[in-house]
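Visitor: The lines below spell out each chain.
2 protein chains.
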Amino acid sequence: MLKYPDAKVIPLGIGDTTERIPEVITTAMAERAKALSTKKGYSGYGAEQGEKQLRAAIASTFYQNLGIEEDDIFVSDGAKSDISRLQVLFGSKVSMAVQDPSYPAYVDSSVILGQTGLYQKDVERFAKIEYMRCTPENDFFPDLSNVARTDIIFFCSPNNPTGSAASREQLTQLVQFAKDNGSIIVYDSAYAMYVSEDKPRSIFEIPGAEEVALEVSSFSKYAGFTGVRLGWTVVPKQLKYSDGFPVANDFNRIVCTAFNGASNIAQAGGLACLSPEGIKAMHEVVGFYKENTKIIMDTFNSLGFNVYGGVNAPYVWVHFPGRSSWEVFGEILEKTHVVTTPGSGFGPAGEGFVRVSAFGNRENVLEACKRFKELYK
Amino acid sequence: MLKYPDAKVIPLGIGDTTERIPEVITTAMAERAKALSTKKGYSGYGAEQGEKQLRAAIASTFYQNLGIEEDDIFVSDGAKSDISRLQVLFGSKVSMAVQDPSYPAYVDSSVILGQTGLYQKDVERFAKIEYMRCTPENDFFPDLSNVARTDIIFFCSPNNPTGSAASREQLTQLVQFAKDNGSIIVYDSAYAMYVSEDKPRSIFEIPGAEEVALEVSSFSKYAGFTGVRLGWTVVPKQLKYSDGFPVANDFNRIVCTAFNGASNIAQAGGLACLSPEGIKAMHEVVGFYKENTKIIMDTFNSLGFNVYGGVNAPYVWVHFPGRSSWEVFGEILEKTHVVTTPGSGFGPAGEGFVRVSAFGNRENVLEACKRFKELYK
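Chains D and Y are the protein sequences, given in the same order.
The opening residue of the first sequence carries number 1 in UniProt numbering; numbering runs sequentially from there.
The opening residue of the second sequence carries number 1 in UniProt numbering; numbering runs sequentially from there.
Next up, chain D with everything else stripped away, as it sits in the complex (with noise of 0.2 Å):
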């Protein structure tokens, strides 16, 4: 922005929303507000865990006859706090393995909580991260016959830098091996409502997960909650360590210690988001994000190019063979200042790749993609 001024810089880089929240959803938030001026309609603090009433819409809107009830559901201010509150769960002394790429949280948590070694400059890895590769090479999932045994394993679908969601099959796979291993499994589901294709949406359709398995997610990308911040962790209370102490009874400890709830004033937006109408309006703005990672695919898909993810997420992962992700990332801020994010910035199997975001308004993509005709024509 310094080198070019005048220039109409395009953030298809981070995924933040830019789509306005629905009505349904900002007037029961603004009428939660005002409420708080009243007698009648003011509360302190509420219970750590959330709001009663939200813990039973979000157990009966995502987990509907999957076992979940809605004392497993704890509300939080959002996944990536979550993440770190679980981390702080694990402690120090676990290991963990996660996909290459990935959301970066994962490892960076670990990191701060001492789990891992240092950074090792020339595989590009932190020491004692378990590292699962997931390339076009292998449908994105991890060849687990090849993946070493770890106290937890971060697994994200649909997949966050990649796009793509696990099947059935997979998942099923993924949840005998933690079985197998004594493992647990922190599924992060955020995009799950972008699934199109008949795959899962939650780690707990495959059977005997909940006895593996936790789930973080969040209304972030579902109803431009991503400043609101909102969002909720499954631990089912059949997870439990292997002296038989549930995983549930530890993380209500550290919910209730390291954390108050989330703003009632949010929470009431969640429990509009999950109202019958809430619940439309949601898919409305899903959807919308989805044309729009169509017509970035399309674009990319037309210029010859492999393009990956995108059917059941809002990113899209383009493959520059042989280049480097930082080199491409230059390359099209330079040419086109649209900005992408460098795949290896996900991990070193993210290397050759860009992630294009696919939450921007129209307008922008449009024009974004016209600019990617022009550079790659």
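Each hint should be verified, as a subset may be incorrect.
Said to hold, decoys possible - In the BS3-like style, the derived pairs of lysine-lysine whose C-alpha atoms are separated by at most 27 Å in a straight line are:
1) D:Lys294 / D:Lys199
2) Y:Lys373 / D:Lys290
3) D:Lys370 / Y:Lys39
4) D:Lys34 / Y:Lys280
5) Y:Lys40 / D:Lys280
6) D:Lys280 / Y:Lys280
7) D:Lys52 / Y:Lys34
8) D:Lys280 / D:Lys199
9) Y:Lys93 / Y:Lys40
10) Y:Lys3 / Y:Lys370
Stated by the list, open to error - Coverage of chain Y stretches by chain D, computed from C-beta distances (three or more under 8 Å per stretch; other residues unrestricted):
11) 7-20
12) 112-118
13) 145-159
14) 214-228
15) 259-268
16) 294-303
17) 338-350
Honestly, the hints are just simulated from the structure, not real lab data.
Beta carbons: idealized from backbone N, C-alpha and C, even for Gly.
Assemble the complex: chain D is given as a structure, and chain Y must be docked to it using the hints.
Guide: Relative to chain D, chain Y alone:
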């Protein structure tokens, strides 16, 4: 409540606010919420550290002329969350000191991070924590000549639960003690607006404190934000490790990895709190609870008890010499149906005391005091 289903139980236990949030503040939050449905008013991810305008307003309202600048302020979802984020920053290998008695989150978060040894039942303390005894005998300020050197010193003033506010001279001693020992003070000033006497409202009123202290605070008890969730932490850029690296740089890393900013709607409320009308309204809220405090203090004084706190804090610390806190708590609950908090829950030096919170509506406080008078006349 099972035993006396018809009893009108009055909660003066946990410090939960009961009074309506002033309209100037909720109006701003409602407007921000509604604006999120407009193209112009929508915002996604904000800065993890908080909105620039709010950071500036906090710096100028609470730290004018104290050398604290906008970029030293980290806006959060509350002091409790920030205390745990600070513990993640410090890690498991530090040693810590706490006032005894004090707000349990300091010790609890330290235990969770693995900084302590096991709980020692005989002395009712966790091993490896330095408990700084604060009782009427030492004017609720520790005898620092008997305090062992630790890496971290948690210090809450006005104190929860004793209601005692440290003097300028005492805090000057504390800062010098930290300087001599290379310790970091985590100063909790969540009740600063309740100070009536000429005592510091911030540790940064003490010259040189910016080199040894950081400060956590909150809108909870000023504006009734216990449910809205908004606080802040000040990490001055002058606060450095012994190798010269700024603590703020590490805290910034933690905040960016473990947190995604406070709710934008809550931040709009915070900004309204710091407008001239908002400040006036907060003083009215604080004034209301201070009147409650006086009513409770006068009651116990008239009954011949030794009563502490109250003047600079919304907590009254009542001495029942020779008796167990839990026994007194049970007696009060059983005979008056008023919930207080047993002092020993805040640390072994709280034994023999009961904390009565002034957070309640006037009718309840008057009724509770009437019942206290009947019980202890």
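Visitor: Examine the segment 259-268 of chain Y for residues whose CB is less than 8 Å from any CB of chain D, and state whether their number is three or more.
Guide: holds (count 8)
Visitor: Are there at least three residues in the segment 112-118 of chain Y whose beta carbon sits under 8 Å from a beta carbon of chain D?
Guide: Result for this restraint: holds, n = 3.
Visitor: Within a Cα-Cα threshold of 27 Å, do D:Lys280 and D:Lys199 meet the stated pairing?
Guide: The given pair, whose Cα atoms are some 21 Å apart, holds under the 27 Å limit.
Visitor: With a cut-off of 8 Å between beta carbons, are at least three residues of the segment 338-350 of chain Y near chain D?
Guide: Our answer is that it is violated, as 0 residues pass the Cβ test (under 8 Å) against chain D, missing three.
Visitor: With a cut-off of 27 Å on the C-alpha distance, tell me whether D:Lys280 and Y:Lys280 pass.
Guide: Cα-Cα ~43 Å, so violated.
Visitor: Is the listed coverage of the segment 7-20 of chain Y by chain D valid when you require three or more residues with a beta carbon under 8 Å from a beta carbon of that chain?
Guide: Contact hint for the segment 7-20 of chain Y vs chain D: holds, 6 residues under 8 Å.
Visitor: Next pair to validate is Y:Lys40 with D:Lys280; report whether the Cα-Cα distance is within 27 Å.
Guide: Holds, at roughly 23 Å.
Visitor: D:Lys294 and D:Lys199 were given as a pair; does the straight-line alpha-carbon distance stay at or below 27 Å?
Guide: holds (19 Å)
Visitor: Given that the segment 214-228 of chain Y was listed as covered by chain D, double-check it with a C-beta distance under 8 Å for 3 or more residues.
Guide: Check passed, 4 qualifying residues.
Visitor: Given the hinted pair D:Lys370 and Y:Lys39, is their Cα-Cα distance within 27 Å?
Guide: Given that 27 Å is the threshold and the Cα spacing comes to 24 Å, the pair holds.
Visitor: Below or equal to 27 Å on CA atoms is what counts here, so check Y:Lys373 against D:Lys290.
Guide: The given pair, whose Cα atoms are some 67 Å apart, is violated under the 27 Å limit.
Visitor: Would the hint linking Y:Lys93 and Y:Lys40 be met if the CA-CA limit is 27 Å?
Guide: violated (48 Å)
Checked against the numbered hints listed earlier, the structure breaks hints 2, 6, 9, 13, 16 and 17; every other hint is satisfied.
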